[in-house]
Amino acid sequence: MSSEAEILADKFSELWRWERRKRREQVFLTVSFYSVAAALLALPFAVFLPVPWSRWLMPIVWFLLLAPILLFKRRWRREDSARALARLDRALGLEERALTAWELIERGDSRPAAQLVVKQAAVQLKGLDPTALFHRRWHRHHVLALPLLALWLALMGFDIDRRFNSGVVPSMTVTTALKLREYARALQERAQSEGLRQSLGLGKDLAKVAQQAIDAKTTEDQFKKELAATSRQIEAMGKAAGEPPSPWTAESQQSLRDLKAELEAARQLLQFPETAKGTEPLGQQWLDRLAGLPQLKRQFDQENQSAQKLSQNALQAFIDRWEKQATGELDRRTLLEAQQYLDQLRNQGQGENGEQNLHASGGREQEGSGEAGKARTNSSLPGKEPGRKDERFQSLPEFATGAPARVKGQLGAGDSSGLVFKGKPLPGKSELSQEEVIATYRRQAEAELNSERVPEALKETIKNYFMSLGQSEGKK
Amino acid sequence: MESVTEIEQRMQSARRAFDELKAEMARFIVGHEELIEQVFIALVCGGHCLLEGVPGLGKTLMVRSLGEILSLSFSRIQFTPDLMPADITGTNVLTDDPSGRKIFEFQRGPVFAHIVLADEINRATPKTQSALLEAMQEQSVTVGGKAHRLESPFMVLATQNPIEMEGTYPLPEAQVDRFFFKLVLRYPSREELARIADLTTATPPAPPREVLDGASILQIRQWVREVPLAEIVKDYAVRIVMGTHGGEALDNGTASSARKFVLYGSSPRGLQSLILAAKARALLAGRPNVSFEDIRVMVAPSLRHRLILNLEADAEGIGAEKILAEVLERVAEVL
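Residue numbers (the numbering used here), protein chains in the order written: chain F, 15 to 490; chain P, 3 to 337.
Simulated from the structure, these hints should not be mistaken for laboratory data.
Built from N, CA and C at the ideal position, the CB exists for glycine as well.
Heads up, a few of these hints could be off.
[Claimed, not checked] Pair by pair, the computed Cβ-Cβ distance ranges are: (1) THR203/P x PHE148/F: 51 to 61 Å; (2) GLU331/P x ARG92/F: 22 to 32 Å; (3) ARG92/F x GLY147/P: 51 to 61 Å; (4) ARG211/P x ARG125/F: 30 to 40 Å; (5) VAL240/P x PHE172/F: 53 to 63 Å.
Bound-form chain F, shown alone (with noise of 0.2 Å):
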């Protein structure tokens, strides 16, 4: 081979080395864009994913697929060789005598006429550098293949694949999760405001095992044994608050809350300054305003017990014990509740039925002594039971909620000034009883006074106010 046919063929190869390796980079940023593209496609099925990190792996796994076929499709071939030559020629104006002369190195034609392309072409090709000749070239895919991948990170980052899938395309479990979270929070907050310990464990772990199942830490089968499990484990708590027997089985749920709201205020009444002694028979004023708890009073005649005749001591006792029962037989209810709420939610079909069925079994809840087959409300919620009315019938005012306010400046008595009329009362349109809305005032006045919403000073005052109310009835 002459001098000018290897100095041809060394150029020759750094040309096609470049090339190839120009190739293989578009090769991998094309197959980086399609691979992050069809994880871009596919982000809405992420969530049907055996193992819940798996998803993570998708362009991997479509850059593995799609890798080999791309690579093997656009392979070097020979064509590419002399289309890469030609190319030369292009550039160089060399009218096809880099090509001519590779095949005729090629062919090993020694002939004059070939000698004299092969100079030709070696004396154009000494001082070529391909990559200043032939830079490479970006197509739009190969600059969008770093964008996507961040768009995809950033997607999966604020799981947007289970938001849309829990929009769009609900998962069996997801939806189950979903509905079982939203039980847990109500019930959690049932629980703390009727200071019910067990169910407020039990929310806490129900609200655990939902979080699990939506961040798709469990799968499907998993979750519902769980649910299992826990359904268990609340019969087992149940039948432990079952004993020994509670007397106020018999009771209707409406009835135990106003009894421990009476309770509440007994205690509270216990405490004044008049009845402090301890020892000594409580006062006239303590037993009116004991008839104003009717609830209370109900228990204390069927126990045949005279308010009249037990000392503080013996009331605190007899108020502690039944507040106690009270509560034990609440929290026993609202356990039982539970479980059947989870037995419905294992045994629902999937499906818009089995949604309209959780809908509609989800509302049942126990009246009375817990039994099933009683009349049943709507929701599936706790606190819906029958005995509180709906919000469209509740004639009675809601005290406002919202973020605690603190007025400035001093307490005490005020000036005030008033007009006072006399007439004669008018009934009004209100079927609810007196008795009713009383007892409803005084339950709200209740929790107001326990909350830290109604400062410290002022409890007293409205404490005495709903007990006013109390004595006024009686006086009727």
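Model the placement of chain P on the given structure of chain F, informed by the hints.
Relative to chain F, chain P alone:
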């Protein structure tokens, strides 16, 4: 054996000769540079040309000037319907030999020249046309059972008028195929017309100078065949010829208008002409190899008369050149 330097020298001499020819021709012929180049290419390739153009475009002047510049013998035959084959080839005439005996002696016809201008070839009868075509193909004439060899280089430049088709005998396709090139003379531009007027209405120019002789032409003809041709370039030419066939899909997979309008595509003779012409063009350009551009430039003169179009093409006014242009557009240089 020749060395690389000798090859370089002969290429330079070929180019120089061609440049001189062009310069000398430019003294008599205004414009038509491309046409002159193509005629010269046909000459150095040993081919014949069919010139088509309306009367008065300088066909005859060009051919006569070429003959004078090349120092070659030149004859002109005006084809008419009553022209007989013997009027072209020559005939045996009865004469006395030196001893006084009566003998038949062959009287050579006008075809015995290096360059023959067959003017309005389509006006003669097919019998007469075929007499010339035999001479073109075989480079010999047979009269009275005796073959008479024509001198080399031998080139026929036949002209035909695209108008006034009445009373003409169009050349059969098989005979047209024997022409190396079909060249079409265009009407001169405004500037060219002005120059023609100056040239022909003033003092006539000095007689042409001989720049090339027959031997040199035969030498160049030999060199043309030695020009290297890359396989890829040859494949390009082959694919172009294939593209003129109606049934063949082109490289990009779409059917061309050749499929719709071409009855018969180019013959293998068309490919031979194309490649040989491309080689000659490369040589005359002082290049040792054939380029894609050489092929592209030579496609029209080599193939335009080899496409037989159907009636639909006639009806739609589609010509061979349009189809060839489309073929060139669609065929990739390298697959």
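Hint check, failures only: Nothing - there is no hint that the structure violates, so all of them hold.
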